[in-house]
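Number of protein chains: 2
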Amino acid sequence: MLQSKLFTKTIKDAPKDEVSLNAQLLIRGGFIDKLTAGIYSYLPLGLRTLKKIQEIVREEMNAIDGQEILMPALTPKENWDVTERWDKIDVLFKLKSQTEKEYALGATHEEIVTPLVKKFVNSYKDLPVAVYQIQDKFRDELRAKSGILRGREFNMKDLYSFHANEEDFKSYYEKSKKAYLNIYKRCGLDAKIVEADGGVFSKFSHEFQVFTQFGEDTIKYCSSCGFAQNSEICDLKEGDNCPNCEGKIKDEKAIEVGNIFPLKTRFPDAFEFKYIDDKGKQQDVTMGCYGIGPSRMMGSIVEVHHDDNGIVWPEAVAPYKVHLLALGNDDKVMEESAKLYAQLEKAGVEVLYDDRDDSAGVKFSDSDLLGLPYRIVVSKKTLAENQVELKKRSEEKASFVELNKIIDLLK
Amino acid sequence: MLQSKLFTKTIKDAPKDEVSLNAQLLIRGGFIDKLTAGIYSYLPLGLRTLKKIQEIVREEMNAIDGQEILMPALTPKENWDVTERWDKIDVLFKLKSQTEKEYALGATHEEIVTPLVKKFVNSYKDLPVAVYQIQDKFRDELRAKSGILRGREFNMKDLYSFHANEEDFKSYYEKSKKAYLNIYKRCGLDAKIVEADGGVFSKFSHEFQVFTQFGEDTIKYCSSCGFAQNSEICDLKEGDNCPNCEGKIKDEKAIEVGNIFPLKTRFPDAFEFKYIDDKGKQQDVTMGCYGIGPSRMMGSIVEVHHDDNGIVWPEAVAPYKVHLLALGNDDKVMEESAKLYAQLEKAGVEVLYDDRDDSAGVKFSDSDLLGLPYRIVVSKKTLAENQVELKKRSEEKASFVELNKIIDLLK
Numbered sequence: 001m002l003q004s005k006l007f008t009k010t011i012k013d014a015p016k017d018e019v020s021l022n023a024q025l026l027i028r029g030g031f032i033d034k035l036t037a038g039i040y041s042y043l044p045l046g047l048r049t050l051k052k053i054q055e056i057v058r059e060e061m062n063a064i065d066g067q068e069i070l071m072p073a074l075t076p077k078e079n080w081d082v083t084e085r086w087d088k089i090d091v092l093f094k095l096k097s098q099t100e101k102e103y104a105l106g107a108t109h110e111e112i113v114t115p116l117v118k119k120f121v122n123s124y125k126d127l128p129v130a131v132y133q134i135q136d137k138f139r140d141e142l143r144a145k146s147g148i149l150r151g152r153e154f155n156m157k158d159l160y161s162f163h164a165n166e167e168d169f170k171s172y173y174e175k176s177k178k179a180y181l182n183i184y185k186r187c188g189l190d191a192k193i194v195e196a197d198g199g200v201f202s203k204f205s206h207e208f209q210v211f212t213q214f215g216e217d218t219i220k221y222c223s224s225c226g227f228a229q230n231s232e233i234c235d236l237k238e239g240d241n242c243p244n245c246e247g248k249i250k251d252e253k254a255i256e257v258g259n260i261f262p263l264k265t266r267f268p269d270a271f272e273f274k275y276i277d278d279k280g281k282q283q284d285v286t287m288g289c290y291g292i293g294p295s296r297m298m299g300s301i302v303e304v305h306h307d308d309n310g311i312v313w314p315e316a317v318a319p320y321k322v323h324l325l326a327l328g329n330d331d332k333v334m335e336e337s338a339k340l341y342a343q344l345e346k347a348g349v350e351v352l353y354d355d356r357d358d359s360a361g362v363k364f365s366d367s368d369l370l371g372l373p374y375r376i377v378v379s380k381k382t383l384a385e386n387q388v389e390l391k392k393r394s395e396e397k398a399s400f401v402e403l404n405k406i407i408d409l410l411k
Numbered sequence: 001m002l003q004s005k006l007f008t009k010t011i012k013d014a015p016k017d018e019v020s021l022n023a024q025l026l027i028r029g030g031f032i033d034k035l036t037a038g039i040y041s042y043l044p045l046g047l048r049t050l051k052k053i054q055e056i057v058r059e060e061m062n063a064i065d066g067q068e069i070l071m072p073a074l075t076p077k078e079n080w081d082v083t084e085r086w087d088k089i090d091v092l093f094k095l096k097s098q099t100e101k102e103y104a105l106g107a108t109h110e111e112i113v114t115p116l117v118k119k120f121v122n123s124y125k126d127l128p129v130a131v132y133q134i135q136d137k138f139r140d141e142l143r144a145k146s147g148i149l150r151g152r153e154f155n156m157k158d159l160y161s162f163h164a165n166e167e168d169f170k171s172y173y174e175k176s177k178k179a180y181l182n183i184y185k186r187c188g189l190d191a192k193i194v195e196a197d198g199g200v201f202s203k204f205s206h207e208f209q210v211f212t213q214f215g216e217d218t219i220k221y222c223s224s225c226g227f228a229q230n231s232e233i234c235d236l237k238e239g240d241n242c243p244n245c246e247g248k249i250k251d252e253k254a255i256e257v258g259n260i261f262p263l264k265t266r267f268p269d270a271f272e273f274k275y276i277d278d279k280g281k282q283q284d285v286t287m288g289c290y291g292i293g294p295s296r297m298m299g300s301i302v303e304v305h306h307d308d309n310g311i312v313w314p315e316a317v318a319p320y321k322v323h324l325l326a327l328g329n330d331d332k333v334m335e336e337s338a339k340l341y342a343q344l345e346k347a348g349v350e351v352l353y354d355d356r357d358d359s360a361g362v363k364f365s366d367s368d369l370l371g372l373p374y375r376i377v378v379s380k381k382t383l384a385e386n387q388v389e390l391k392k393r394s395e396e397k398a399s400f401v402e403l404n405k406i407i408d409l410l411k
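Protein sequences, first through last, are from chains A and B.
Under my numbering, the first residue of the first sequence is numbered 1, with each subsequent residue one higher.
Under my numbering, the first residue of the second sequence is numbered 1, with each subsequent residue one higher.
If we strip away everything but chain A, and leave its shape as in the complex, we get (with noise of 0.2 Å):
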């Protein structure tokens, strides 16, 4: 992409409003766009990041046989009431046609998944189903002050999974947090499973938490053995023993970037969904639901990979992975600059090319706010040697390249 072209720029100065720091250098870099407390809209740079992040989800929930579906937002009020949510959800938006029919925007899916599921499945041998969306989600959140972290609006992967009982069910829970733990690590994120409020029917839910100063959460963690329960549910203080070994449980702040739950028979019996065994008995379904946001592990990412000047891309999910920056308006530099381009995008590189008629100034700050993990420098006097300078966004350190060789270095 030419960034001479490329729709948005960096901007000065984030709205005076925008508190958190993934907001604040996402809007700077043009990522994305606030519309209204909570609400944004993701620009050209910032979808890219947001697909390549939906794309790893994507991957992992088909590798453990999830089938991809889309799932309306608008839901209609009769399925909330047979599992009398609709009062129940302090955040669901509601809304009336001009008919006068009520619809809640889904803030979750569970009211339409089980009835659908349910038409399609009779018998044992239709069992196990695990079916995923990812889509727009809707909540109506009392304040919206974290950025794309907890949005009235934002992307949201949601896996439900139906099976015949419960042994079959546990086993895929355990294969879901190998694939939640993959997503993370994929995406540059260091989560760690945390056990939390389990609701009526289970004793724990689990959630994914990536620790860092910023977090709206508290852990409570054992280094030794990896124990952690969110604060909400332990009562242990900084300093007590493990319950699990000789360790002691210290606080850590942390960013919730997924969650799993069991949800036992709650929604099958709510919608009557039974199935048929072997033995032509009626037997009770057994549900779990397995959610990640796409758009808050974005913000997530930013949280935690960032510096003073600016983000610091994973590769797997930056929108380009290298920033060509040509500096000084030299025919000779412009000319060079022109042809690496062409031959990293022939190479199937992604690459920003930043032939903008600007100071090196500029043009290096864009570059650290973007922050792509490749910066290719071309110049005067880098071509006077005949080479371009090479730097990672993560390192200090910048090294010169042979002009001939820096292809192949980043295929």
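Treat the hints loosely; a few may be bogus.
Identical copies carry no separate label here, and so any pair may be met within one copy or between two of them.
What the hints assert, rightly or not - Once the Cα atoms are required to be at most 16 Å apart in a straight line, the calculated EDC-like pairs of lysine to aspartate or glutamate come out as:
1) Lys175 / Asp284
2) Lys321 / Glu59
3) Lys9 / Asp126
4) Lys12 / Asp308
5) Lys118 / Asp269
6) Lys203 / Glu238
Hints are computed from structural coordinates only; laboratory data are not their basis.
Given chain A's structure and the hints, the job is docking chain B onto it.
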């Protein structure tokens, strides 16, 4: 994909209140599910087709320098007040937050995209800009009886272009027509460009209409010269002389599958969006919008491409290219079919493998209903000759192909 594992099966009868042909066939095939009037879920097979259409649209929009973004569905009332459309658009779904903030669900995004683009455009050097999104839109339609041709929630690609002058706009507008025709052609639709109401500011807008007896619109059409106007703006009657040539006007029923609209300065003016020209003078910004609904296209494709037995997907948008049927519960048949399935997948051929323990009758009728372009049958009879039976869904006649030649034929 193994059909035994596929989420969704074919369904004998579509819901009784579902009168549209596209929804009947798509529901019976397990492509979509009706949640409530005008609101559908996309199931694995249907979502694959929807995504293929979206990807074709995306490629053609990128080819005319459209940059993909994603704007929110929740749009604040303030933006609609600026253009005075809050009360004028009668299909806006409106809602309030707990804190009494008012939103509309995006039915169209001029009110969002115009102030967004304004933030990044100051000088003539920043123009033109063309941005688009592929996103669900919401319209509070009084009646929703046309399946996925006209939903309350539906998928939409909307592109908006901004230009320094009318001439540049016009040239882009013509380019967009070609891109749209490419899209239809690639999706197996023969769309005609039809003049339609241009609103207050322009003489005409342009619709893309697919002629079919099942269409909602009537087009006054001259097959000699291609003159075509929506009957809403045309006083001509069937049999009248064409105003452009010697031909005669004919009435054609048609489905609208896209429209493009010159918006002139309507929205830029409302948001005080101007630019500075090369002489330092403030100038008007000229705008166009370009809509195409991937979900509506999917419905249109079904309306046009079907027979008494089911859907006949054009190859570019079929959920899978090949339907592989193993007939008869015979070890050798299952073994050879599984081998062929693995070989097809390895060769990159998208294949749905009907490995279910069902009768030939069930498998053939399901296969016709699902409508994948190529059907391969493996049976004891074909294997006796070291062959498979190959049939195109769009043709009556099957042929026999050597087992070791089928992969190369379908690659």
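Now the hints, each set against the structure:
| no. | hint | verdict |
| --- | --- | --- |
| 1 | Lys175 / Asp284 | neither (22 Å within a copy, 58 Å between copies) |
| 2 | Lys321 / Glu59 | neither (20 Å within a copy, 21 Å between copies) |
| 3 | Lys9 / Asp126 | between (52 Å within a copy, 10 Å between copies) |
| 4 | Lys12 / Asp308 | within (14 Å within a copy, 62 Å between copies) |
| 5 | Lys118 / Asp269 | within (11 Å within a copy, 52 Å between copies) |
| 6 | Lys203 / Glu238 | neither (23 Å within a copy, 73 Å between copies) |
Checked against the numbered hints given earlier, the structure breaks hints 1, 2 and 6 and satisfies all the rest.
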